[in-house]
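**Q** Given the sequences, and given the hints that come with them, work out the whole structure.
Number of protein chains: 2
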Amino acid sequence: MKTLRVPEATIIRLSVYSRYLEQLDRKGVITISSVEIADGVGVSPAQVRKDLAYFGEFGTRGVGYNVRDLMHYTSKILNLNEPWPLVLVGAGNLGFALSTYKGFNNRGFSVVGIFDNDLTKIGKKIVDMEVSPPEKMPEIIAKHNVKIGIIAVPAKAAQEVADLMIKNGLVAILNFAPVSLNVPEHIELRNVDLSVNLEILTFNLGMRQFESRGK
Amino acid sequence: MKTLRVPEATIIRLSVYSRYLEQLDRKGVITISSVEIADGVGVSPAQVRKDLAYFGEFGTRGVGYNVRDLMHYTSKILNLNEPWPLVLVGAGNLGFALSTYKGFNNRGFSVVGIFDNDLTKIGKKIVDMEVSPPEKMPEIIAKHNVKIGIIAVPAKAAQEVADLMIKNGLVAILNFAPVSLNVPEHIELRNVDLSVNLEILTFNLGMRQFESRGK
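Protein sequences appear in the order of chains C and R.
Following the working numbering, the residues of the first sequence are numbered contiguously, the last one being 215.
Following the working numbering, the residues of the second sequence are numbered contiguously, the last one being 215.
Note that these hints are calculated values from the structure, not bench results.
Wrong hints could be hidden among the right ones.
For identical chains, the list gives no copy identity; a pair is met inside one copy or between any two copies.
Claimed, not checked - Below 20 Å or equal to it, Euclidean Cα-Cα: the simulated EDC-like pairs (lysine to aspartate or glutamate) are: (1) LYS125 x GLU82; (2) LYS124 x ASP25; (3) LYS50 x GLU8; (4) LYS102 x ASP25; (5) LYS124 x GLU135; (6) LYS147 x GLU211; (7) LYS76 x GLU57; (8) LYS50 x GLU36; (9) LYS143 x ASP118; (10) LYS147 x ASP25.
The structure presented is a predicted model; accordingly, all values stated were derived computationally and were not measured.
**A** In structure tokens, the structure reads:
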């Protein structure tokens with residue numbers, strides 16, 4: 001069977017469109033054009049149409065898209081029709097923030113277990129969840145049928161945590177530790193480095209200086 | 001003057017290469033090929049060469065790149081030769097995590113002021129910095145010559161915080177609140193939604209199911 005290769009940038013934008021459509025739906029907006037979607041999220045209308053075209057035909061010429069239909073469809077593409085329970089390892093500042101991050105809950109993600117091997121943290125409560133020792137991971141993963149784990153430990157502990165997650169049957173890992181991890185091919189791994197976002201800003205500020213000097 | 005248009009995906013990868021080169025330099029690696037960079041960060045060697053080609057000629061055929069030279073050069077492209085002081089608004093869990101996030105310091109970013117209008121948070125210490133009321137922002141921005149602000153407040157307060165930052169002379173904003181902000185054209189704005197990263201994982205897991213069903 002031929003595999004559909006969708007650029008990651010398209011998936012990222014679909015996720016952005018999807019959240020924008022949710023906002024519109026909450027406001028009671030019924031239909032929207034690709035120009036309005038483009039304006040709302042800051043890309044070109046051609047880009048919106050191209051991104052959606054990967055997944056079929058949408059909208060009616062001259063009428064636009066039905067907001068709720070397109071919202072449901074983008075959710076379905078992103079595989080968000082089912083809730084996604086998560087486990088999180090690392091009960092430091094970042095783990096604490098991630099476990100209560102509202103952006104996750106809004107999209108059907110919920111942290112069902114938080115783990116740390118630091119004895120001073122085990123038993124501490126984050127909202128209404130207790131920090132557990134890593135040994136409890138298999139039980140919680142099985143109980144909630146968890147597929148995705150989040151790593152929020154210091155760089156030096158991250159590989160060990162990834163290995164433990166994989167051993168316990170997780171198939172996807174979101175890694176916040178600033179280090180490259182080695183995982184088998186069948187594991188979906190995504191590294192998040194928050195400084196990348198700042199570096200895009202500093203690059204743009206630099207380009208702007210460069211451009212104004214060139215004028 | 002002709003403006004150099006570099007795709008954002010290239011900037012993101014440059015930031016990743018740059019951090020990988022730092023790791024290699026710390027390990028004492030002297031030279032590296034585009035194939036090795038590609039392997040280390042999980043992209044194709046052609047992509048590495050294409051990304052670097054936006055900025056000129058690098059490396060020597062058959063020898064590869066000098067790690068330290070390329071590291072300095074990528075830093076320079078990203079405009080990281082100077083330190084970047086930051087102010088952060090929102091002293092909740094996320095603000096707390098961001099203000100102590102090691103990934104920022106490693107790249108020359110440092111939070112020099114943290115603000116909140118919640119009286120129960122003002123005066124609280126995060127590491128060795130005190131949470132200040134928003135009225136102190138002009139003083140701290142001027143003192144440290146801050147250009148970039150981070151928003152880590154709830155969605156409903158984010159626009160007001162952005163307006164305040166702009167009024168106080170900031171030119172770039174990194175927004176972690178899950179809401180679209182309106183800012184003037186001359187302001188660099190970047191929205192971070194951490195759930196995007198999870199949605200790329202769920203998309204990939206969905207595609208995989210789809211592919212295995214099709215076999």
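**Q** Now tell me, hint by hint, if it's right for this structure.
**A** Hints and how they fare:
1. In the homo-oligomer, the alpha carbons of LYS125 and GLU82 never lie at most 20 Å apart, since the shortest distance is 27 Å inside one protomer and 41 Å across protomers.
2. In this assembly of identical chains, LYS124 and ASP25 lie within 20 Å of each other by CA distance neither inside one copy nor across copies; the values are 38 Å within and 39 Å between.
3. Within a single copy, LYS50 and GLU8 get their C-alpha atoms as close as 14 Å, and across copies as close as 17 Å, so both meet the 20 Å cut-off.
4. Taking the shortest alpha-carbon separations for LYS102 and ASP25, only the intra-copy value of 19 Å comes in at or below 20 Å, while the best inter-copy value is 38 Å.
5. Taking CA atoms no more than 20 Å apart as the test, LYS124 paired with GLU135 passes inside one copy only; the shortest distance there is 16 Å, against 35 Å between copies.
6. For the homomeric pair LYS147 and GLU211, the shortest alpha-carbon distance between copies (18 Å) is at most 20 Å, but the shortest distance inside one copy (47 Å) is not.
7. Proximity of LYS76 and GLU57 under a CA criterion of 20 Å is satisfied intra-copy only: 15 Å inside one chain copy versus 44 Å between copies.
8. In the homo-oligomer, the alpha carbons of LYS50 and GLU36 lie at most 20 Å apart inside one protomer (15 Å), although the nearest pairing across protomers, at 33 Å, exceeds that limit.
9. For the homomeric pair LYS143 and ASP118, neither the shortest alpha-carbon distance inside one copy (24 Å) nor that between copies (39 Å) is at most 20 Å.
10. Taking identical chains as interchangeable, the C-alpha atoms of LYS147 and ASP25 are never at most 20 Å apart, the minima being 30 Å within one chain and 36 Å between chains.
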